[in-house]
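> These are the residues of each chain, in order.
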Amino acid sequence: MRTSAAGRPGRVLARLVQLLLLPALLIALWWVGSAASGNYYTPTPDVIATTFGEVWFSDRFFVDVLPSIGRLLLGFALAAVLGVGLGAVLGLSPRARAVTEPVLEFFRAVPPPVLVPLLMLLVGVNTPMKLAVIVSGCVWPILLNTIEGVRAVDPVLSDTCRCYGIRGPRWLTTLVLRSASPQIMAGLRQGLSIAIILMVISEMFASSSGLGFTIVQFQRSFAIPEMWSGIVLLGLIGFVLSVLFGLVERYVLGWYHGVRAASRGE
Amino acid sequence: MTRTATTSPDATLGAGANRALLGAAGVAGLIVLWEALPRIGAARPAYLPPASEVAGALAGRLGSAAFWTAVGDTLAAWALGLAIAFAAAAVLGFLIGSAPRVRAFTTSTVEFLRPIPSVALIPLAILLYGTDIRSTLLLVVYAAFWQIYIQVLYGVADVDPVAEQTARCYGLGRLARIRYVVWPSALPYLMTGLRLGAAVALVLTVTAQLVIGSPGLGQEIAVARSSGAIVEVYALIVATGALGVLVNVGIRALERRALRWHSSVRGEVL
Numbered sequence: 004m005r006t007s008a009a010g011r012p013g014r015v016l017a018r019l020v021q022l023l024l025l026p027a028l029l030i031a032l033w034w035v036g037s038a039a040s041g042n043y044y045t046p047t048p049d050v051i052a053t054t055f056g057e058v059w060f061s062d063r064f065f066v067d068v069l070p071s072i073g074r075l076l077l078g079f080a081l082a083a084v085l086g087v088g089l090g091a092v093l094g095l096s097p098r099a100r101a102v103t104e105p106v107l108e109f110f111r112a113v114p115p116p117v118l119v120p121l122l123m124l125l126v127g128v129n130t131p132m133k134l135a136v137i138v139s140g141c142v143w144p145i146l147l148n149t150i151e152g153v154r155a156v157d158p159v160l161s162d163t164c165r166c167y168g169i170r171g172p173r174w175l176t177t178l179v180l181r182s183a184s185p186q187i188m189a190g191l192r193q194g195l196s197i198a199i200i201l202m203v204i205s206e207m208f209a210s211s212s213g214l215g216f217t218i219v220q221f222q223r224s225f226a227i228p229e230m231w232s233g234i235v236l237l238g239l240i241g242f243v244l245s246v247l248f249g250l251v252e253r254y255v256l257g258w259y260h261g262v263r264a265a266s267r268g269e
Numbered sequence: 003m004t005r006t007a008t009t010s011p012d013a014t015l016g017a018g019a020n021r022a023l024l025g026a027a028g029v030a031g032l033i034v035l036w037e038a039l040p041r042i043g044a045a046r047p048a049y050l051p052p053a054s055e056v057a058g059a060l061a062g063r064l065g066s067a068a069f070w071t072a073v074g075d076t077l078a079a080w081a082l083g084l085a086i087a088f089a090a091a092a093v094l095g096f097l098i099g100s101a102p103r104v105r106a107f108t109t110s111t112v113e114f115l116r117p118i119p120s121v122a123l124i125p126l127a128i129l130l131y132g133t134d135i136r137s138t139l140l141l142v143v144y145a146a147f148w149q150i151y152i153q154v155l156y157g158v159a160d161v162d163p164v165a166e167q168t169a170r171c172y173g174l175g176r177l178a179r180i181r182y183v184v185w186p187s188a189l190p191y192l193m194t195g196l197r198l199g200a201a202v203a204l205v206l207t208v209t210a211q212l213v214i215g216s217p218g219l220g221q222e223i224a225v226a227r228s229s230g231a232i233v234e235v236y237a238l239i240v241a242t243g244a245l246g247v248l249v250n251v252g253i254r255a256l257e258r259r260a261l262r263w264h265s266s267v268r269g270e271v272l
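Taken in order, these protein sequences are the chains called A and B.
Residue numbering for the first sequence follows this note's numbering, starting at 4 and increasing by one per position.
Residue numbering for the second sequence follows this note's numbering, starting at 3 and increasing by one per position.
The hints are simulated quantities; they were obtained by calculation from the structure and are not laboratory data.
Hints are not guaranteed to be accurate.
What the hints assert, rightly or not - Facing chain B, from chain A, some residues (calculated, C-beta under 7 Å):
hint: 1; residue: L16
hint: 2; residue: L22
hint: 3; residue: L25
hint: 4; residue: A101
hint: 5; residue: A112
hint: 6; residue: V113
hint: 7; residue: P114
hint: 8; residue: L125
hint: 9; residue: I199
hint: 10; residue: S211
hint: 11; residue: S245
hint: 12; residue: F248
hint: 13; residue: L250
Stated by the list, open to error - A few chain A residues that face chain B, going by a derived Cβ cut-off under 8 Å, partial list only:
hint: 14; residue: L24
hint: 15; residue: P26
hint: 16; residue: L29
hint: 17; residue: I30
hint: 18; residue: V117
hint: 19; residue: P120
hint: 20; residue: L122
hint: 21; residue: I204
hint: 22; residue: V219
hint: 23; residue: I234
Being a predicted model, the structure only gives us computed values, none of them experimental.
Backbone N, C-alpha and C define an ideal beta-carbon position, used for all residues, glycine too.
With the rest of the complex left out, here is chain B (with noise of 0.2 Å):
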């Protein structure tokens, strides 16, 4: 265990090829089972269909434009929410995390309010706007605001009272420690909550689709499940499933790019 923490770039490299392919066996073996359980009878095709059927499936709705305009649909509403939220919670966060006596009054109100599922707002959704993209941004931005909030509060609040100290002692003016102090400090702790927040952004879209009925991925299953096509649910699954493994790359890739020069991204420093 400890050899492992002092092995050269060469090793590392080829320990981390060694492991996508072990990976790439999991994949295919996951794969496997699922196209052999149901054609030795282990499980019913009407239940589990066999993967290269769902795999067709999909492929004939890769083809058609109205599964493009659902994919559109969901990303619009998941970005749109999710935009929204980040910025109403990172200037909410700086200014209320940046001063304490503020912090002090709001947070009962904010230990209050964020437990409540935001799926309690769903009636209230179709009430005020119905199918439209507002009653998904409704759950989604409520979901997704508080993980980010919570997460530029903690990093407001970490910032090293030396490096604070320091900044002042040289003269920096209070926007220039925002700018040089505070925002480096705080950045690593918004990134998770970007991260985070991105993914229950995604969930709630989903979610919204599915039981309001606003267009998207989410309405594309519902329908395909009221018209009994197994097949297509599975399918739409996969597809939905691709899309949470892309979001999260992608949000991934932003945050080793947004701190590069973080110690937790370059690595060497540790």
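Next comes chain A alone, as it looks inside the complex (with noise of 0.2 Å):
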């Protein structure tokens, strides 16, 4: 008792040590090196940190962050829709899957970023195409991910649910999705990460607003540390929204490490 009661003060200690030991000794290594070299292209942490502050939490705030995350969002919505509404199509009927195999093998071969030029050309350059260059490049993973999760439904639990009647939507949410969800999930996370990439980049060829013009536009006029706070910026994005898509996947898979868990005997 007093031993687990002393210990644990010093367990979140030793935690928050392990936590943060690593990358405040990258920080202090960055200061010093950017301090003692003095390099024009690396400012010191500080400098950063009170340019942040004031490039992002101003107008532009509305202006270009919450734009972009607003199409990053909606591209990533609906790419999610069609991949997943696709694949369960695909993964359902086997001669559709072989007809349209090698065609889809093709298209996520084509690194999305080379269909911007296509579609500027095609839609011009305004927010749809900004939304097609992220549902083109982000439905891939999605839809092939959800084609073998559907595929791999288990025949006994599909005969099971044959016997007892279930059919139609019933039968799609409660069998059919619900045991791809953990290959769906995957595809979705992987998706997710492409949809920012492609976010950033549809700005950076032809816009006048958004992240991604913006941080070209400091780099072009050798606004060094707005540059460089940019880039925090979309470190900083990226990493919330991995971290919010863990919750949502915890959620949405509980039943899944669950079942993980009571079959290892826990």
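Take each chain as given, in its own frame, and dock them per the hints.
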């Protein structure tokens, strides 16, 4: 009893040290290195931090950052609906899968950013173009993972559902999509990181606002600390989205982790 | 559904040929559709040129030396970037993965750095290296490294404790245990990492050429677009896709070869 009571603050402290030691060391190293070299291209962390506050906690947040994130999420949501919907159809029909497989393999192999110039010509430089770029890139991992997941539905469970007369939408949601969800989530996670990349690229190319545009603008005008603050912001967005996705995933796949833990005998 | 699981080798061969036939039909259907849409006026030929025109433009490109130089530049940057990322990720992954204490200290940093989109580094790459191949490499290595590193960590952690203890009991030293126990159990993960990393590396190679303008297929596409040559843009996109398919097929073949002994490849064990 006494040891655990005495051990708890110690353990929390040890955990904090574990979390923060390496980042603190790296930042210190960066600080010392950039201060010592005095290099124009690598400002010290305190300069980047103050610039970050000045640049991004202003109108820019509403003009550039929020619309960018909005497009990113909308594009990702469209790709998710499209990918899971089509993936369920193709996964359930072996014939349709056989017909479309080589075509899908080809489209997946096209690096998504090369579609940006094409879509610029076709759609013009506007919001639909940016959404089209994001959807056209991040739909593939979602689609292919959904196909794989739906294909691998346990045939015994499938037969059981048939025996009990579970069919239609109920069968789709309780059996097919549920048992495919671990793979669908893996596809969504891959799709999310591709969506961020494409959001930035679609703005770097041809745009007059948005995060990607602003950062390139800073770089062209040699506003170095501002450029660094933009890189940090993109990093933070990527990090926050990945944490949020982890939370959603834990909720959606709660049953799955439960089953796995039970089968391990915990 | 259960019947297909117990088919004889002949039947699966027949099914394979059937599948290939259906796949070919799918490809043919797409090409016919692509040819027909602009011809019957359902799509403006200025926006969607017929497939035959794109094929002609592609054939013309295939005959020019500049195209093959661009393909060579793209492949060189891809291969070099992937090799650097692979070497760094494999070494670091094995070292840090086999020391759980060190791993605990690095987790927070890795989880923070990993989701950072590598295109965020584009402005930095331009500042540091201009349109040099090094700016492409910076993006490619950063993107591919995490894919492989995470897989290696999982692989090293996946070593069967019974196998590990057995090896200890038989008196295998540290190096021998790494060679005969850790390496084979981590190899499938390593190959998966390589496959994911290869695809991401190609995407970032072409992106860097497209945005930064370092020589390669991406730059060719950017040039074709700015001169409004839409047939050329389509032809180059098809070429890039074909390159992507080749890379995927190549890595898959390598994976099968390296994992010949593994149950995921040796289907008969299942």
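> Taking the least C-beta to C-beta distance, is I204/A closer than 8 Å to chain B?
Check passed: Cβ of I204/A comes within 6 Å of chain B, closer than 8 Å.
> Given F248/A as an interface hint, is the shortest Cβ-Cβ distance to chain B below 7 Å?
With a closest approach of 9 Å, the F248/A hint is violated.
> Once the shortest beta carbon distance from L22/A to chain B is found, is it less than 7 Å?
holds, 4 Å
> Taking the closest Cβ pair, is P26/A under 8 Å from chain B?
Check passed: Cβ of P26/A comes within 5 Å of chain B, closer than 8 Å.
> Does V113/A pass the interface check with chain B, least Cβ-Cβ distance below 7 Å?
Holds: closest Cβ of chain B sits about 4 Å from V113/A, inside 7 Å.
> Can L250/A be said to touch chain B, with a Cβ gap under 7 Å?
violated, 14 Å
> Answer holds if the nearest beta-carbon of chain B is closer than 8 Å to that of L24/A; otherwise answer violated.
holds, 6 Å
> Just to be careful: measuring from the Cβ of V117/A to every Cβ in chain B, is the smallest value less than 8 Å?
holds, 5 Å
> Against chain B, is L122/A within 8 Å by beta-carbon distance?
violated, 10 Å
> Holds or violated: S245/A as interface residue toward chain B, Cβ cutoff 7 Å?
holds, 4 Å
> Does I199/A meet its interface restraint, that is, does its C-beta lie within less than 7 Å of any C-beta in chain B?
holds, 5 Å
> Using 8 Å as the Cβ threshold, decide whether I234/A counts as touching chain B.
I234/A check passes; min Cβ-Cβ to chain B is 5 Å, inside 8 Å.
Taken one by one, the earlier hints fail for this structure at numbers 1, 10, 12, 13, 17, 20, listed in ascending order.
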